[in-house]
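K.L.:
So the sequences go chain by chain: W and D. The letter at position 592 of the first sequence is residue 592 when you use our numbering, and the numbering goes up by one with no holes. The letter at position 158 of the second sequence is residue 158 when you use our numbering, and the numbering goes up by one with no holes.
Hints are not guaranteed to be accurate.
[To be verified] Partial chain D-side listing against chain W, Cβ under 10 angstroms, derived:
| no. | residue |
| --- | --- |
| 1 | Ser85 |
| 2 | Thr157 |
| 3 | Arg161 |
| 4 | Glu334 |
Simulated from the structure, these hints should not be mistaken for lab results. Yeah, the Cβ is synthetic: ideal placement off N, Cα and C, and Gly gets one too.
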Amino acid sequence: MLDAMMTALSHFAQPTHLMYLLLGVGMGMIVGILPGLGGIVGLSLLLPFIYGMDQISALAMLIGLVAVIPTSDTFTSVLMGIPGSSASQATVLDGFPLAKKGHGARALGAAFSASLVGGLVGAVILTGFVVIARPLILAFGSAELFMLAVLGLSMVGVLAGKSLPKGVIAAGLGLLLGALGAAPATGELRMSFDSVYLMDGLPLVIVGLGMFAFPEIIDLCRQNRSISDKGTLGLGWRDGVRDMIRHKWLCLRCAGLGSIVGALPGLGGSVVDWIAYGHVVQTAKDKSQFGKGDIRGVLAPESANNAKEGGGLVPTLLFGIPGSGSMAVFLGGMVLIGLEAGPAMVGRDLDITYTIIWSLAIANVVGAGGALLISPFVSRLTTIKYGYLAPFMITVICFAAFQATRSLSDMIALLVLGVLGVLMKRFGWPRPAFLIGFVLASNTETYLYQALQFYNWEFLTRPGVVIIAALTVISVLMGMRKHPVNPVEEEESSHSHNPKRWPQILFAGVLLAFFAFGIWDATQHSFLGSVFTGAVSVVMFVVSAILIWQLIVSPPSHAANFDHEFDLEHQDVKPTAGLWHYVLWVAGMVAATAVFGFLIAITGFFMAFLRVKAKASWLRTLLLTGLAIGGLCVLAWSLVLDFPAGMLQDLIELPWPLG
Amino acid sequence: MSWGKTVNQSFKTACAAAAIAFGFAGTATAQDADFAGDRVELIIPFGEGGGTDTWGRFWAPYFSVFLPGNPTVVVKNIPGGGSTSGANQFEARAKPDGLTAIGTSGSTQFPYLLRDKRVQYEMRDWRVVLASPTGGVVYVNSDLGLKSAADMKALETVKLRYGSQGATSLDLVPLLAFELLGLDVDAVFGMKGRGAGRLAFERGEVNIDYQTSSAFINNVTPLVDIGSAVPLFSWGAIDDDGNIVRDPSFPDLPSFPEAYEMMKGEKPSGPAWDAYKAFFIAGFPAQKMVFLPKDTPEEIVQAYREAAQAATEDESFLADRQATLGEYKQIVGEPAERIFRTAVNVPEEAREWVQKWLTDKYSVQF
Chain W
1 MLDAMMTALS HFAQPTHLMY LLLGVGMGMI VGILPGLGGI VGLSLLLPFI
51 YGMDQISALA MLIGLVAVIP TSDTFTSVLM GIPGSSASQA TVLDGFPLAK
101 KGHGARALGA AFSASLVGGL VGAVILTGFV VIARPLILAF GSAELFMLAV
151 LGLSMVGVLA GKSLPKGVIA AGLGLLLGAL GAAPATGELR MSFDSVYLMD
201 GLPLVIVGLG MFAFPEIIDL CRQNRSISDK GTLGLGWRDG VRDMIRHKWL
251 CLRCAGLGSI VGALPGLGGS VVDWIAYGHV VQTAKDKSQF GKGDIRGVLA
301 PESANNAKEG GGLVPTLLFG IPGSGSMAVF LGGMVLIGLE AGPAMVGRDL
351 DITYTIIWSL AIANVVGAGG ALLISPFVSR LTTIKYGYLA PFMITVICFA
401 AFQATRSLSD MIALLVLGVL GVLMKRFGWP RPAFLIGFVL ASNTETYLYQ
451 ALQFYNWEFL TRPGVVIIAA LTVISVLMGM RKHPVNPVEE EESSHSHNPK
501 RWPQILFAGV LLAFFAFGIW DATQHSFLGS VFTGAVSVVM FVVSAILIWQ
551 LIVSPPSHAA NFDHEFDLEH QDVKPTAGLW HYVLWVAGMV AATAVFGFLI
601 AITGFFMAFL RVKAKASWLR TLLLTGLAIG GLCVLAWSLV LDFPAGMLQD
651 LIELPWPLG
Chain D
1 MSWGKTVNQS FKTACAAAAI AFGFAGTATA QDADFAGDRV ELIIPFGEGG
51 GTDTWGRFWA PYFSVFLPGN PTVVVKNIPG GGSTSGANQF EARAKPDGLT
101 AIGTSGSTQF PYLLRDKRVQ YEMRDWRVVL ASPTGGVVYV NSDLGLKSAA
151 DMKALETVKL RYGSQGATSL DLVPLLAFEL LGLDVDAVFG MKGRGAGRLA
201 FERGEVNIDY QTSSAFINNV TPLVDIGSAV PLFSWGAIDD DGNIVRDPSF
251 PDLPSFPEAY EMMKGEKPSG PAWDAYKAFF IAGFPAQKMV FLPKDTPEEI
301 VQAYREAAQA ATEDESFLAD RQATLGEYKQ IVGEPAERIF RTAVNVPEEA
351 REWVQKWLTD KYSVQF
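Please model the complete structure; the sequences and the hints are all you need to start from.
P.N.:
Set out below in structure tokens:
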């Protein structure tokens with residue numbers, strides 16, 4: 001083992017390896033900053049160059065990129081409320097309120113130093129863990145993984161916000177939408193309306209963008225000012241680093257958590273940040289500031305998501321089973337340079353494994369340093385008037401969305417889920433609970449089914465299951481301690497008890513109808529194919545009915561009653577436009593895409609928005625549009641990507657990038 | 001940036017060699033095909049990172065070097081619909097000019113053969129360039145007491161469990177094989193890849209499994225060495241006459257037909273066997289194929305086949321293929337055409353048999 005470590009170390013004495021590592025880090029910084037684009041896109045950009053490179057340099061480059069994405073994706077999460085990639089959705093909850101209060105630099109300082117700690121701790125844990133990981137991973141069978149999914153779902157309790165029924169329904173909606181498409185047990189297609197797109201299930205990236213990015217962009221457009229209240233960056237990043245030092249134990253705990261959860265194949269890296277966030281809310285004494293800008297809400301997910309990448313390498317290297325989408329691409333890259341995953345990675349090829357681990361550590365240091373270095377400049381984006389920023393943001397999230405299947409359907413899905421996100425935000429439904437449900441849906445169903453097949457109901461008595469079940473109970477109890485419910489959503493409650501309640505009731509009614517549809521759909525399939533969606537639908541149907549009852553009969557001060565629009569009317573600064581105004585702008589762009597194709601539609605949208613909304617001069621409009629569209633084309637060209645086509649492209653043949 | 005020094009150099013020498021070797025053929029047939037300055041797109045109907053994507057990315061630079069005019073060859077991923085979306089798009093949009101090709105997998109072939117309603121492509125019309133075979137090995141838990149395929153009779157009374165990705169996935173081949181052997185196998189679905197099935201085997205959750213060749217060599221051989229897994233048979237490979245013979249990667253293991261004979265005392269036959277054979281060929285010996293669109297002019301098809309042929313004789317190709325392609329000889333040109341025809345021409349009776357069996361046993365709706 002020591003031999004292998006020394007060999008690995010000697011690789012880094014070579015400047016070429018370090019150079020490739022830095023190249024990967026640089027690429028990761030850029031890709032991470034662009035919202036919605038994560039490791040998969042970044043690695044895809046590098047893959048064509050990999051073949052034929054020497055193994056160590058290639059690995060260094062790939063790892064450099066993978067390692068810094070959870071660091072650099074924090075920029076948009078904190079500064080714009082748009083998750084930079086699915087690894088940093090939870091960072092949005094507290095990071096963005098901090099930025100709005102003018103503490104953007106502090107939040108970034110805290111996030112990057114936490115990322116650094118997370119990445120380094122992850123690498124240290126990995127150094128020892130990788131040699132003994134095999135039995136541990138094998139100890140987590142389908143039964144244990146199912147119980148872990150339940151533990152994850154129990155976080156809904158702390159993320160539910162003021163009204164528990166709303167939290168439960170949000171999570172249930174997530175579970176149901178997450179179970180859309182092929183049933184794991186039978187392959188039957190559920191709730192898919194014969195649409196090939198829905199058969200594959202909704203892509204997580206689009207759900208994340210729809211839930212968090214879309215409503216935030218709409219809100220910021222309506223307020224039509226810069227993101228930061230004060231138009232300044234506020235206190236420096238040093239305060240953020242101090243925050244991290246003050247909460248060092250929290251960061252270490254979350255880093256440990258991140259690397260272990262990341263190492264479990266099948267659970268998926270996308271829940272790590274939520275579990276860390278749930279953990280910090282549960283264990284905190286004063287919970288009143290979560291969701292409103294508690295620095296701990298930034299530290300926890302950021303330390304966990306960097307540690308996760310290290311953990312995710314374990315099943316990838318040892319078993320050839322990628323734990324996440326980016327790990328799947330990484331594995332492909334390994335094969336291309338002639339490396340095969342398997343037990344040999346901790347035997348014959350141990351030095352390569354250590355090279356990978358230490359590349360990870362170095363990349364984390366460089367990445368955190370680099371991010372801190374550029375953060376003063378990037379933070380300035382928050383002082384730009386949003387009218388200028390919005391079209392860029394909308395372009396980028398559309399681009400991120402159609403990475404999923406490269407079709408118009410991706411944009412329609414983004415729009416529909418975005419509207420759902422807008423409404424959930426308006427009526428105070430906890431979107432984190434929805435996301436947890438969505439992310440865990442397929443794990444919960446698949447592993448429950450498999451555990452029952454393998455062990456019958458006796459799986460509940462397996463020691464691992466009992467331990468995790470006990471942890472779940474403890475975590476729920478801890479979450480209920482002192483503040484039984486806590487306001488995770490950022491909205492203030494004082495003004496929001498709208499006497500006019502029919503819009504909320506209508507929205508809850510639509511959800512009720514959807515669950516009724518879920519029940520009907522379940523009756524169309526075999527028992528194994530429908531028991532999960534059917535059970536979820538029935539329970540949620542009942543809870544929705546209770547909620548509607550509460551909304552109708554309870555006094556206006558009831559916790560379930562919430563309407564952000566009513567709240568806004570009582571604020572000093574009124575929004576410049578109605579709720580649907582900007583949604584319609586985006587819907588118009590999607591409709592134009594269906595007719596003229598994406599590139600023409602987005603160009604028109606860009607120019608119209610800058611002229612009408614930002615009141616930019618023609619020169620400026622043309623300049624900014626040219627810049628954005630040019631950048632878009634370069635990116636699409638290097639990713640070998642056609643833009644979604646419209647009817648125009650069906651009728652006549654157009655050259656790339658139009659056609 | 002180039003895709004690497006080592007490849008570049010050996011490609012240069014190989015180019016020269018190829019120029020001499022195919023100089024004659026080149027002037028005779030491929031003279032019209034010239035891709036100088038073009039960008040050729042190799043559509044991979046899967047997302048980045050999977051087996052087919054990796055395979056496509058391995059091949060792409062070789063096409064770039066060996067196609068006339070040295071075009072840039074890029075991989076274009078079009079995921080969705082279990083690879084039917086990308087194939088549909090290829091069918092609908094690709095022009096027969098040699099600038100668009102597609103790399104398919106068993107999961108593109110199977111829905112086509114089963115007449116999945118998502119399929120809007122007619123593979124039969126496509127022009128095949130090459131086929132990359134792979135193999136697989138079936139193994140069981142050593143607790144069952146077997147030592148080799150010779151003891152397979154003992155399996156008749158045992159309840160077996162197999163972790164599967166789905167009855168209409170590539171797992172159709174093992175499930176059909178188990179059916180032919182008359183084994184009592186309980187398939188547990190929802191596995192997210194063959195790796196997950198292997199993990200379930202290592203945990204003792206399932207007791208029979210198969211892995212494709214390279215995964216078997218890397219991940220199961222250690223289990224065989226410590227005595228927890230026993231390999232039974234390989235699926236086998238196809239010889240030039242279309243017979244299933246032993247897999248060259250596993251010369252010591254019987255092929256599936258041999259194992260069948262050892263267990264049953266007779267050669268396999270009947271509609272179930274015909275069905276098995278058709279899907280086996282589409283799933284293993286012709287698992288991954290490169291196609292050009294229908295009506296592609298003969299000289300372009302020829303240029304592609306010659307490029308693929310030249311690649312398979314290239315030194316760096318032979319040195320580097322192990323991780324991606326295994327030891328298998330790549331099938332190019334006429335032989336590829338033959339194996340492709342066998343793979344898509346499933347007898348009507350066999351297809352009906354499989355569809356009925358899938359519906360009866362696994363409630364698959366067609």
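K.L.:
Each of the hints needs a verdict: does it hold here or not?
P.N.:
Checked hints:
no. : hint   : result
1   : Ser85  : 6 angstroms, holds
2   : Thr157 : 21 angstroms, violated
3   : Arg161 : 8 angstroms, holds
4   : Glu334 : 29 angstroms, violated
Comparing the model with each numbered hint stated earlier shows that hints 2 and 4 do not hold.
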